[in-house]
Amino acid sequence: MVWSRDEMCARAAKELKDGYYVNLGIGMPTLVANHIPKDANVILQSENGMLGMGPFPIEGEEDPDLINAGKQTITALPMTSYFSSADSFGMIRGGHIDLSILGAMQVAQNGDLANWMIPGKMIKGMGGAMDLVAGVKKVVILMEHVAKDGSAKLVSNCTLPLTGAKVVDMVISEYGVFEIVDECVKVSELAPEISIEEVRDKSQAEILS
Amino acid sequence: MVWSRDEMCARAAKELKDGYYVNLGIGMPTLVANHIPKDANVILQSENGMLGMGPFPIEGEEDPDLINAGKQTITALPMTSYFSSADSFGMIRGGHIDLSILGAMQVAQNGDLANWMIPGKMIKGMGGAMDLVAGVKKVVILMEHVAKDGSAKLVSNCTLPLTGAKVVDMVISEYGVFEIVDECVKVSELAPEISIEEVRDKSQAEILS
Amino acid sequence: MNKIYSNSKEALEGVAFDGMVLMCGGFGLCGIPERMIDALKESKIKNITAISNNAGIDGEGLGLLLETKQISKMISSYVGENKIFAEQYLNGEIELEFNPQGTLAERIRAGGAGIPAFYTPTGAGTKIAEGKEARQFEGREYIMEKSLRADLSLIKAWKGDSEGNLIYKKTARNFNPLMATAGKITIAEVEHLVEPGKLDADQIHTSGIFVQRIIKGSHYNKRIENLTTRKAND
Amino acid sequence: MNKIYSNSKEALEGVAFDGMVLMCGGFGLCGIPERMIDALKESKIKNITAISNNAGIDGEGLGLLLETKQISKMISSYVGENKIFAEQYLNGEIELEFNPQGTLAERIRAGGAGIPAFYTPTGAGTKIAEGKEARQFEGREYIMEKSLRADLSLIKAWKGDSEGNLIYKKTARNFNPLMATAGKITIAEVEHLVEPGKLDADQIHTSGIFVQRIIKGSHYNKRIENLTTRKAND
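Residue numbers (the numbering used here), protein chains in the order written: chain L, 7 to 215; chain D, 7 to 215; chain Z, 1282 to 1515; chain V, 1282 to 1515.
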């Protein structure tokens, strides 16, 4: 039985250890924040210039000068600090962020990631994604295992333009958790009653047990 | 009659125009600050991380956390701001400082400057001098025209190791004011009763009238 | 040396021209110089190369200058959420250069700090690296990126003094302090204009040296792109 | 994740080793981590490569580690005013690499920001350029400089909170914020240690992410190198 989106987020949250500085991408990765264990002090960075991101504001308390990288209104915490975009990406590029969780269009078995551009379609831009995958210590991809058109997303080689080359450390999908080690995809955990054959069937990459 | 040190400083101060951001080197250049016209708003930068340097403190009011690049105790002004060494040299290297006044061991007619090192002697270091001459819009040298051993300091080619290549715009000595234009030294002003022949006699560089 | 101008139109006089390179602060609609953008729209200056993380939205931010077709090229990291931009881009009316957000920020910071070029791991091995020098340092691949400067930087701060010292508020800081350093002319628009000495010298984010002109803005929209709230008892 | 250590000796435990690369904040004796330098002296760690703008003076700052011959190499911009250093240098006991002050600052900033190398005009055409790549950009000559990182950065701040957020005071800021970013381990020594929330989030100079350990220092000497005053009626 595949994991629900909520279960996927909960599983991803397990990667967030006490004391980690973490950047969560836009979309499903943002929801991972809801599953951080209460006893873990996980500090969220937002690449538009904030460390120590709090929850969304209570209605009526939103501040237009306080947004996250998804342009959502958020709140501060006692330990919050603000900084410029140059300092923020110095933090990211300099390897100070422990972990980032991002979405993907394709992940290749060598760790290549494509998540910003489909040729021929209007491109919105890579935002901070290329910097995050280049600089953050551990990159975790949280994605549906298969694209809406049925094509595999876990592939032997990315056909879409890359966001980063050999940058992905782990993939979490509704089928399980997969680690990318030495340019191979290894099953680390499977969703309940999911077999490795099912995963192989839904993947184009070679999946090692 | 050659200028006194005080007159040299007063002449140098005339280069400081209203609204200029200025960095004054250690030693005689620091004294130029005493001659800034009261009606000119000249803002002094200190490369250890301060813009808007005030006068020396009144005895007993010195603050060890507030020093200039010469490690002298100083004071702040209402417009003062503090910043890091990286930001300070970004300001300098980025061409935001209008003028710097520095001392010299040798200045060549092409604008080469040597003011940090005598081979075979213990070297103290260049500090911020190389950055200042590379980044500041106008570099003015304030120096005795001739070295203590009688050798010329305004030379055709520097024999001492350079602080910067083709960086000097103007030299002020006790004999007058000299501009370096198109790799030539041109007399801009002479001290009272000083002739160009006297200057040529005290210089090894070619001096154009 | 008076840096204070009475309004955005006056502040723009003599420093904006057709074909200029413009930097415009803000992340999304957060921390954008609203009044200076209004003045630029009124000025009818055209053929602008705009360096800005985003392109605003329809009717707000740089979206206003897209409506009037004053921008001919954008250097940005993300331009989603803007129909006019998409239209003009697909029509070939506007040129677009994507930069990774951190590369964009660093190029601007380098421009202000006198660094002509630097190496970054960001984008190595991707389309972004095409046409750029690649180079290994300690076994890892990096690409060379060049600095950016602007003829005019328009930035937004929370408080400023008459010397041009600035303090930003929360995440409205973003690209503003870097762009302040990289403009040949920088115009700062502030919500509160105070006398020198009213800002704590240790807290100033942008030193006055980087600001040539300053105005007190007013009537801020501060539109929120993605209003997101939670219930009080969540 | 407790970052607070009760004293400088404890803070140093497990992070200092023979042959390590050390960054030490301060300009002259202004803003130096006095208590951490004491602990380093006590630790008897030797063969240190010390990256610091200056070398202290006899009996103060890094001068203390020179007395005990714990430093084998210095990367600095200015080492005047230190007899012991001069002696050891002329004896060949200590290696010295001079960096222009701005190049030193930028190399450290680059180290913390993931930039492996950059180009600077500083020192082009001088001895400093020897052995370095030179390159023209838009007709001007620049040299390539590589980033610096440290095994351990010792820095000094005015106020800090238990999360490692720091605020510096006046010109005691200098190299401290950059070195905080470039240390694999950074130990901050502060005069005032407060609870999170006591520091204004807009005013924090160094975010806690850069600080792994923090101590409240005490008994500061804060020696003045060049006491310079004027008469009250000047």
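Simulated from the structure, these hints should not be mistaken for lab results.
One thing to keep in mind: the hints can contain errors.
Here are the computed lysine-lysine pairs in the DSSO-like style, where the Cα-Cα straight-line distance is at most 27 Å [as the list claims (entries may be wrong)]:
no., chain 1, residue 1, chain 2, residue 2
1, D, Lys20, D, Lys127
2, D, Lys143, V, Lys1427
3, L, Lys172, V, Lys1354
4, D, Lys20, V, Lys1364
5, L, Lys20, V, Lys1465
6, V, Lys1503, D, Lys130
7, Z, Lys1440, V, Lys1465
8, V, Lys1440, D, Lys130
9, V, Lys1413, D, Lys127
10, D, Lys144, D, Lys208
11, L, Lys130, Z, Lys1440
12, V, Lys1325, D, Lys127
13, Z, Lys1440, D, Lys20
14, V, Lys1440, D, Lys127
15, Z, Lys1413, V, Lys1413
16, Z, Lys1408, V, Lys1325
17, V, Lys1327, V, Lys1512
18, V, Lys1512, V, Lys1364
19, V, Lys1440, V, Lys1408
20, L, Lys127, Z, Lys1497
21, D, Lys143, V, Lys1325
22, L, Lys154, Z, Lys1408
23, L, Lys127, Z, Lys1413
24, Z, Lys1364, L, Lys143
Hints and how they fare:
1. With a CA separation close to 35 Å, the supplied pair Lys20(D) and Lys127(D) exceeds the 27 Å bound.
2. Between Lys143(D) and Lys1427(V), the direct Cα distance comes to roughly 26 Å. Compliance with the 27 Å bound is thereby established for this hinted pair.
3. Proposed proximity of Lys172(L) and Lys1354(V) is contradicted: the alpha carbons are some 37 Å apart, above 27 Å.
4. A hinted pair counts as satisfied when its Cα atoms are at most 27 Å apart, and Lys20(D) with Lys1364(V) does not qualify at roughly 39 Å.
5. A C-alpha spacing of about 25 Å is found between Lys20(L) and Lys1465(V), which places the hinted pair at or below 27 Å, so the restraint holds.
6. The suggested pairing of Lys1503(V) with Lys130(D) holds, with an alpha-carbon distance near 23 Å, which does not exceed 27 Å.
7. This hinted pair does not check out: Lys1440(Z) and Lys1465(V) have alpha carbons roughly 36 Å apart, beyond 27 Å.
8. Proximity of Lys1440(V) to Lys130(D) is assessed by CA-CA distance (about 33 Å); at most 27 Å being required, the pair is judged violated.
9. Between Lys1413(V) and Lys127(D) the CA atoms are separated by roughly 24 Å; this keeps the pair inside 27 Å, and the hint holds.
10. Under the criterion of a C-alpha separation no larger than 27 Å, the hint pairing Lys144(D) with Lys208(D) is consistent with the structure, at around 25 Å.
11. Of the supplied pair hints, the one linking Lys130(L) and Lys1440(Z) is violated, its CA atoms being roughly 33 Å apart against a limit of 27 Å.
12. Straight-line distance between C-alpha atoms of Lys1325(V) and Lys127(D) comes to about 32 Å, which puts the hinted pair past the 27 Å bound.
13. About 34 Å separates the Cα atoms of Lys1440(Z) and Lys20(D), which puts this hinted pair outside 27 Å; it is violated.
14. About 42 Å separates the Cα atoms of Lys1440(V) and Lys127(D), which puts this hinted pair outside 27 Å; it is violated.
15. The straight-line distance between the Cα atoms of Lys1413(Z) and Lys1413(V) is roughly 21 Å, inside the 27 Å bound, and the hint therefore holds.
16. Under the criterion of a C-alpha separation no larger than 27 Å, the hint pairing Lys1408(Z) with Lys1325(V) is inconsistent with the structure, at around 51 Å.
17. Under the criterion of a C-alpha separation no larger than 27 Å, the hint pairing Lys1327(V) with Lys1512(V) is inconsistent with the structure, at around 46 Å.
18. A distance of roughly 32 Å separates the Cα atoms of Lys1512(V) and Lys1364(V); the hinted pair therefore is violated under the 27 Å criterion.
19. Between the alpha carbons of Lys1440(V) and Lys1408(V) the distance comes to roughly 41 Å, so the proposed pair goes past 27 Å and is violated.
20. Restraint check for Lys127(L) and Lys1497(Z): the C-alpha separation of about 42 Å exceeds 27 Å, so the hint is violated.
21. Between the alpha carbons of Lys143(D) and Lys1325(V) the distance comes to roughly 47 Å, so the proposed pair goes past 27 Å and is violated.
22. Distance restraint check for Lys154(L) and Lys1408(Z): the Cα-Cα separation of roughly 25 Å lies within the 27 Å cut-off, and the hinted pair is therefore satisfied.
23. With a CA separation close to 24 Å, the supplied pair Lys127(L) and Lys1413(Z) stays within the 27 Å bound.
24. At roughly 36 Å between alpha-carbon atoms, Lys1364(Z) and Lys143(L) are farther apart than 27 Å, so this suggested pair is violated.
In this structure, the earlier hints numbered 1, 3, 4, 7, 8, 11, 12, 13, 14, 16, 17, 18, 19, 20, 21 and 24 are contradicted, and the remaining ones agree with it.
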